[in-house]
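Protein chains in written order, with the numbering used here: chain H, 20 to 372; chain V, 20 to 372; chain Y, 20 to 372.
These are calculated hints, taken from the structure and not from any lab test.
Hints are supplied without guarantee of correctness; some may be wrong.
Note: identical chains are not told apart, hence a pair may lie in one copy or across any two.
[To be verified] EDC-like, lysine to aspartate or glutamate: derived pairs with alpha carbons at most 16 Å apart:
no., residue 1, residue 2
1, 231, 242
2, 231, 62
3, 28, 348
4, 344, 78
5, 128, 242
6, 94, 44
7, 94, 78
8, 28, 189
9, 344, 73
10, 361, 78
11, 28, 44
12, 94, 318
13, 231, 264
Model, not experiment: these values are computed from the prediction.
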Amino acid sequence: MPDTSFFSKGAGLTARELCALTGSELGEGTDPDLRVTGLGPLDRAGPDDLVFFDNPRYETQLQATNAGCVLVAQKHLAVMPAGLPHLIARNVSIAFAAAGRALFPAALKPTPILGQAGISPRAEVDLSARIEAGVTIEAFAVIGPNVQIGSGTVISPGAVIAAGCAIGRDCRIGAHVSLAHTLLGNRVVLHPGVKIGQDGFGYVPGPAGMDKVVQIGRVIIQDDVEIGANTTIDRGAVRDTVIGEGTKIDNQVQIGHNVEIGRHSVIVSQVGISGSTTIGDGVMIGGQTGINGHVTIGDGAQIAAVSVVAGNVPRGARWGGMPAKPVREWFREMRFLTELAKKGRTTRNDSDE
Amino acid sequence: MPDTSFFSKGAGLTARELCALTGSELGEGTDPDLRVTGLGPLDRAGPDDLVFFDNPRYETQLQATNAGCVLVAQKHLAVMPAGLPHLIARNVSIAFAAAGRALFPAALKPTPILGQAGISPRAEVDLSARIEAGVTIEAFAVIGPNVQIGSGTVISPGAVIAAGCAIGRDCRIGAHVSLAHTLLGNRVVLHPGVKIGQDGFGYVPGPAGMDKVVQIGRVIIQDDVEIGANTTIDRGAVRDTVIGEGTKIDNQVQIGHNVEIGRHSVIVSQVGISGSTTIGDGVMIGGQTGINGHVTIGDGAQIAAVSVVAGNVPRGARWGGMPAKPVREWFREMRFLTELAKKGRTTRNDSDE
Amino acid sequence: MPDTSFFSKGAGLTARELCALTGSELGEGTDPDLRVTGLGPLDRAGPDDLVFFDNPRYETQLQATNAGCVLVAQKHLAVMPAGLPHLIARNVSIAFAAAGRALFPAALKPTPILGQAGISPRAEVDLSARIEAGVTIEAFAVIGPNVQIGSGTVISPGAVIAAGCAIGRDCRIGAHVSLAHTLLGNRVVLHPGVKIGQDGFGYVPGPAGMDKVVQIGRVIIQDDVEIGANTTIDRGAVRDTVIGEGTKIDNQVQIGHNVEIGRHSVIVSQVGISGSTTIGDGVMIGGQTGINGHVTIGDGAQIAAVSVVAGNVPRGARWGGMPAKPVREWFREMRFLTELAKKGRTTRNDSDE
C-alpha cells in the first residue's frame, strides 16, 4: 500500500458507489459492497486500494497485484486474474480520476500551510484592502492598498499582492507568489513561486543604451485556471495579457506580454510563449516548446513537446518539430533524413572513423 | 479605450509637445494643441490615446481606429484615413516608446508594494547594515550584516539580502529576490523571484559520490541592468560573474558561474548560459537559446531564438540553428533539407502510409 | 589576487600539507613550507593563491601568472615556467577541488543569512513541530504543524515548510524555498526558490473542462542531495517522486510527478524530466535537455545538453540529439547532413540568393 500519509483516508466508497460515480459497470463476481479507501499503482496497492489497468505493458503487474479493486476497460477483461474484483469503465483514466477526487477531496486544492483560517496577525494587510469574510491570509503575506479578495480564498505565507489587484472567491495563492496589475477570477490556483504582472520585456535602442517601453496593461486570469510553480506571466504593454477560463499551466512556463490564451487549454512545463501571441480554446502544448511572438494558434490545436512554433497554426491541427509543421509531415521528414544519413554513412564509412 | 487602471493618467501631452519630445513632424491638418493622455493599440484606443501604425498588416484596424492621434512613418502616409490626427516619426517604435515614458513616468520602475517610503518595522534589518537616507525597505524583507544600500532604493516585501552585499542608488529589488555575494550598481531593477549569488554548479567525482568545488567568487551587476522574474545567476567559482552596464535580461534566464556579459546586451527569456562563457557588448540572444560553457560571443552578435551555441561567435555575426551557424547558411540548409525530404517522400510515398 | 571578500581566508596550507591532502607530489625546487591561503585563476591569482594548469590553451597565462603555487599534471611539466612552485597531481581538477574545500570550509554550504543560530522570534513555528536542538530558523520562515527538523539544519528567511514534512540533520533550506508533502534526508542543500511537493500536473477531460487527477504521493529526497535555485519538483500522483542519495541538480530544473532518480546522478540547469520517468545511478544529463515521460535511463548513462530523450536509454550509453541516439551516430548524421546541404547549395547556388 503506497504511503499517502499526507492525505488521510475517509470512509471510502463501495464498488456500487464507484459504479454510480464513474458510470462503470460492476465486474463479474465483484461484491457491490466491497469498499476501497485509497488509490495505488498496480505494483504497490493493497487490499483497500483502487487501481486501474489500461496498458498491456503492465500485465505482469496486474497478475501480481494486491489491489482491492481494479478499474478496467471491456477490451482488457480477458487478462483479468480470476477472482480479482473489478469495475468496467468506458474511459479508465477518467473513471480513476473521478474516484480519486471523491476519495481524497482534500487533495483538490492546496490547504493552508498553518492549518488555520482567518487573517494572521503576522500578515501585513493594508487598511484599504477589501477582504470578504471567510478569507485566510497566512503569516508574512502582504496585501497592498485597494486589493480585493473574495471569500473562501487562501493567501499562503509570503505571498505578495500589489496595489489594486483583485482576487475572486475560493482561490489558492501559494507561498511566494507575487501578483501585480492582475485580476483573478474564482477558484484560481497559483502554486508556489508564480510571478504575475511584472513588466513585460520591451525596450528600444536609445542614445545611451536600451530605453524602456512602458508596460501599462494588466493580466486577467479567468475562473478555474491553475498555474504551476515558478511560472511567470508578464502584464501587457498597451493591452492585457489574458488566460482563459479553465486553462491549466504547468511549472516554469514563461508567458510574455499581451499573450491571450483561450479556455480549457493545457500548457506543459517550461514552454515559452513570446509576446502578443494568441492561443485558442482547447489547445494542448507539450513541454519545452517555444512559440514565436505575434502568431495565432487555432482552437483545439495540439503542439508536440520540444517544438518551435514559428508561424500560425490552424485550428484542430497537430503539429510538431523545429520549425513545427503537421505531425505526419514532420515524422516523414525525420524518417527520411535518418535513413538518408544511414545510407550516406554506409557508403563512406571507412574514412569516417 | 484600454483599461489602464493600474497607471493613472496625468495632464498628457499636446501634439506639439509630442513632436518636440520625439523629433516627429506634425501631420497635415493635425491641431498642434490636440492633447493625448493615454496609449493604446489601434483596435482599442479611444480619443485620448496615442497609437502607432507601422505594420501594413494592421491597415484595417487603422481605418477603423478611434484613437486620438497616430504616430506614423512617412512611407505609410498614403494609407492614413482622412482627418485622423497624426505625427510623422522617423522611427515609429522609438517615438512611441518616448511618448509612453513621458505619459506614464510611474511605469518606468516598479513602485513600493505598500506604497510607503521608509523602513517597515516589520522588516528585519541587521544593525550593522549601512542604509542611506531615502531607502524604502518593506515588510518581511531581510537585510543581513554589513549590507550597504544606496538612497532611493526600494527593497520589496520578502526580499532577502545576505551579508556583505552592496546595492547602489535608485534600485528596485522585487519581492522574493535573494541576493548573496553580490554587488549591484545604481538603477538596477530586479523583478520578483530573481536569485543571484548562490553556489555555481561545480562538482568533481569523489570516493563516495560527487564532491563540491567551492564557489568563492562574487556577482557584479553594473548600473542600469534590468533582470526578469525568476531568473537565476550563480556566483563565480574563483572569479566573478559579471553583468555589464545597461544589459537587459528577461524572465527565467539561467546564467552560470564565471559568465561575463558586456554592456547593453539583451537576453530573452529561458536562455541558458553555461559557466565561464563571455558575451560582448550589444549582443542580442533570442529566447530559449542554450549557450555552451567557455565560449566567446563577440560584440554586436545576434543569436536567433531556440538556437544552440556550441563554439565562439564572431563579433557582429548573425547566427542561428542547432548548432548555431551564420543565419544565411542555416536558412539554406533548412530549405535544402526540407525540399530533399519532400522529394524523398514523393518517390516512395505509397509504402509510407 | 581575485577578490574573495565574501569568504575570509584562514591560516592556509603548506605545500607539504597540500600534497598530503591531495595525493600530489612536490614539484622540483618547490619549498615544502610554502603556504597558500587562497585560490585563483591563472590570470588573476596572487602570491598567496593556489591555481591549476590543465589546459594547454592557457599556456600564455601560465607563463605570466603571479600565483604562489600551481597544481599541474606530469604531462604538462615541460611548459612550467622555471622557478614557479608547483605540485604534481594525478587529477588536477580533483586535487584543486580538495584544496578548495580545505581552504574555504565556510563555502561548503550556505550560511545563515543573519549570521545567528537559534530560532528567530520573527519566525512562525507551529507548536506541534518537533525541532531538535541546534536548529536555526531565521526571520519570516514558516514551519507548519507536525514538521520535524533535525539538529544542525538551517532554515533561511521566508522558507515555508508545510504540515508533516520531515527535514534531516545538517540541511540548508534556502530563502523562499517551499516544501510540502516532502521528506528530506540529512545534509540536503536546497538553494533559494526551490519548490518541492506541489501538485503534479494531472488532468482528464471532463464535461466542463479539465478535471483534476488528485496527487496524493510524496517527494523523498535522500541524503546529500543538492538542488539549485528555482528548481521545481512535483509530488507523486499515487507513488512517490524520489531523488536518490548524493544526486546534484542545478538551477531551474523541472521534475514531474512519480519521477525516480538514482544515486549520485548530475542534472544540469533547465532540464525537464516528464512524469513517471526513471533515471538510474551515476547518470549525467546536460543542460536544457528534455526527457519524455515513462522512460528509463540506465545507470551511468550520459545525455548531451539540449537533447530530447524520447525512449529508453541503456545503461552506460552516451546519447545526444533530437531525438537522442548514440553520440557517435548522432555526430555522423549531423556531419553527413551538413555536407549534403553544402553540396546541394553548390549545385543550385545562383537561384538561391
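Hints, verified against the model:
For the identical chains of this complex, residue 231 and residue 242 are inter-copy neighbours only, at 15 Å across copies versus 32 Å inside a copy, given an alpha-carbon limit of 16 Å. Taking identical chains as interchangeable, the C-alpha atoms of residue 231 and residue 62 are never at most 16 Å apart, the minima being 57 Å within one chain and 23 Å between chains. Proximity of residue 28 and residue 348 under a CA criterion of 16 Å is satisfied in neither setting, with 49 Å inside one chain copy and 52 Å between copies. For the homomeric pair residue 344 and residue 78, neither the shortest alpha-carbon distance inside one copy (36 Å) nor that between copies (29 Å) is at most 16 Å.
Taking the closest pair of Cα atoms, residue 128 and residue 242 come within 16 Å of each other only inside a single copy of the chain (14 Å); across copies the shortest separation is 30 Å, beyond that limit. In this homomeric assembly, residue 94 and residue 44 come within 16 Å of each other (Cα to Cα) only inside a single copy, at 14 Å, whereas the closest approach across copies is 71 Å. Within a single copy, residue 94 and residue 78 get their C-alpha atoms as close as 13 Å, which meets the 16 Å cut-off; across copies the closest is 57 Å, which misses it. Taking the shortest alpha-carbon separations for residue 28 and residue 189, neither the intra-copy value of 23 Å nor the inter-copy value of 33 Å comes in at or below 16 Å.
Within a single copy, residue 344 and residue 73 get their C-alpha atoms no closer than 31 Å, and across copies no closer than 29 Å, so neither meets the 16 Å cut-off. Taking the closest pair of Cα atoms, residue 361 and residue 78 never come within 16 Å of each other, the shortest separation being 36 Å inside a single copy and 41 Å across copies. Taking identical chains as interchangeable, the C-alpha atoms of residue 28 and residue 44 are never at most 16 Å apart, the minima being 24 Å within one chain and 63 Å between chains. Within a single copy, residue 94 and residue 318 get their C-alpha atoms no closer than 32 Å, and across copies no closer than 36 Å, so neither meets the 16 Å cut-off.
In this assembly of identical chains, the alpha carbons of residue 231 and residue 264 lie at most 16 Å apart only when taken from different copies (15 Å versus 32 Å within one copy).
In summary, the numbered hints that this structure violates are 2, 3, 4, 8, 9, 10, 11, 12.
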